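Input sequences plus hints: build the corresponding full structure.
Counting from 17, one number per residue, gives the positions in the sequence shown under the numbering used here.
In short, the hints are calculated from the structure, not lab data. Note that this is a predicted model, so its numbers are computed, not measured. Honestly, I wouldn't trust all of these hints.
[Claimed, not checked] Capping the alpha-carbon separation at 30 Å, the derived lysine-lysine pairs in DSSO-like fashion look like this:
#, residue 1, residue 2
1, LYS75, LYS115
2, LYS82, LYS115
3, LYS263, LYS292
4, LYS322, LYS230
5, LYS75, LYS97
6, LYS202, LYS178
7, LYS230, LYS292
8, LYS230, LYS178
9, LYS374, LYS202
10, LYS263, LYS118
[Claimed, not checked] With beta-carbon atoms standing in for the labels, derived distance ranges:
#, residue 1, residue 2, range
11, ALA346, ALA140, 43 to 53 Å
12, ILE377, ASP197, 27 to 37 Å
13, ASP197, ALA65, 40 to 50 Å
C-beta atoms are modelled at their ideal positions from N, C-alpha and C, and glycine is treated no differently.
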Amino acid sequence: MIPRTIYPHILESIRNKPVTLITGARQTGKTYLCREIHETMGIDYVTLADRQERELANKDPDAFLKIHGTPLIVDEVQKAKCLFDSIEAAIDKAIFERKESKGMYVLTGSQTYKLMEGASESLAGRVGIIRMSPLSISEIAGRENRPFIPDPTIASSRRMDKDVSSVYADIYCGNYPELYDNTDLKAHTFYADYVDTYIAQDVMELINLRDQHKFFSFMQVLASITGQELVESTVCNSAGINSRTLKEWLSVLEAGEIIRLMQPYNGASTVKRVTKRPKIYFRDTGLACYLARITDPETLMASYLKGPMAETYIVNEIIKTYTNEKENAAFYYYRSSDGNEVDLLIQRNGEINLIECKGGIETDATDVKAFGRLGETKDKIGPSCIVCMTETPYPVKKDVYAIPVTSI
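Right, here's the structure in full:
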């Protein structure tokens, strides 16, 4: 199993918080890390995928916790969300009796928003929240992770020797750990099973879904617009659903960390002329390629989705460099009514970095013309760049470089 950057942060949370909640999409490696914790720290492990354990947890959560004791790892906790209140009571009791309350429970689940709701209501101030993503470029390469900044010197030291076709092969494959642990497993087979399981279990637990085929078609429509603005009327017409269903189904996909909706940057003085719609990104390009019926990397490179998939991949990888280190940063895009657009803005410490994402090798100053057209902002504009398929950094204009995808 590929070592995960987030693992030390999980251990830190266990040492300092009564509860550690690990969330993320299915198959991102949560269960594996829990078993690692079980083996190295001797913490008992129970999964609510087990029918008997699940029934006990739902019928009598207090008895469930008493039987298993502490410290305890509870996998798939979204299957018994009533446990949160009982866990709160158990922590309160430990604190009242002056017993050790740190590291009492480690919980995992794949329905992020619902779990956040339960945790914030019952465990405010007592829970460390860890969000797990699919594998990052650095994890796959076995190199140190560091939050991405547009620096050509750093990019030169981190770049990998990969040509364009190799990068698109990575985009097509996606980043779920099982595909790298089992190299005989075909991406198409993995994603077909993944979608079937996700719809049959996670989606059905969240909503009363009457037509699974229509939901699958909805996911296909969204995959075809990854990296683009979400125009609700277009999606509704293509998927054959109404606006209310659209909002409900989008929230389900966000809860399962299948997609992210990136909001437009609103720190410009010209805010009235800035688009209000979010952009949609699939959190894994392999899943998006499967849903978009892209059958191999060569088909992807010849497809109209080449650019949007490359942008989706670059945005995801940049965000992972921050979330895997639990760095505090916000991410936006910018588009004005007169056509000025920046694919990604990283906001932190009162500064924003502007990032343009390209699916090709050659770029020039026209690709970053919007960098100087944001108007007055509340943030200082810091180093900016184009991330593209080049193998080595090169200057595009003054203080703006093209940086390899493999340097992220």
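Here is what the structure says about each hint:
1. At most 30 Å may separate the alpha-carbon atoms for a hinted pair to count; LYS75 and LYS115 meet this at roughly 27 Å.
2. For the given pair, LYS82 sits about 16 Å from LYS115 by alpha-carbon distance, which is consistent with the 30 Å threshold.
3. In summary, the hint linking LYS263 to LYS292 is supported, as the alpha carbons are separated by about 16 Å, within the 30 Å threshold.
4. Restraint check for LYS322 and LYS230: the C-alpha separation of about 26 Å stays at or below 30 Å, so the hint holds.
5. Between the alpha carbons of LYS75 and LYS97 the distance comes to roughly 11 Å, so the proposed pair stays at or under 30 Å and holds.
6. Only pairs whose Cα atoms come within 30 Å are accepted, and LYS202 paired with LYS178 is accepted, the gap being roughly 21 Å.
7. A distance of roughly 28 Å separates the Cα atoms of LYS230 and LYS292; the hinted pair therefore holds under the 30 Å criterion.
8. At most 30 Å may separate the alpha-carbon atoms for a hinted pair to count; LYS230 and LYS178 exceed this at roughly 39 Å.
9. Annotation: proposed proximity of LYS374 to LYS202 holds, straight-line Cα distance about 27 Å (limit 30 Å).
10. With a C-alpha separation of about 39 Å, the suggested pairing of LYS263 with LYS118 is violated against the 30 Å cut-off.
11. The beta-carbon spacing between ALA346 and ALA140, approximately 22 Å, falls outside the hinted interval of 43 to 53 Å.
12. Checking the proposed 27 to 37 Å range against ILE377 and ASP197 shows it holds: the Cβ atoms sit about 32 Å from each other.
13. The beta-carbon spacing between ASP197 and ALA65, approximately 20 Å, falls outside the hinted interval of 40 to 50 Å.
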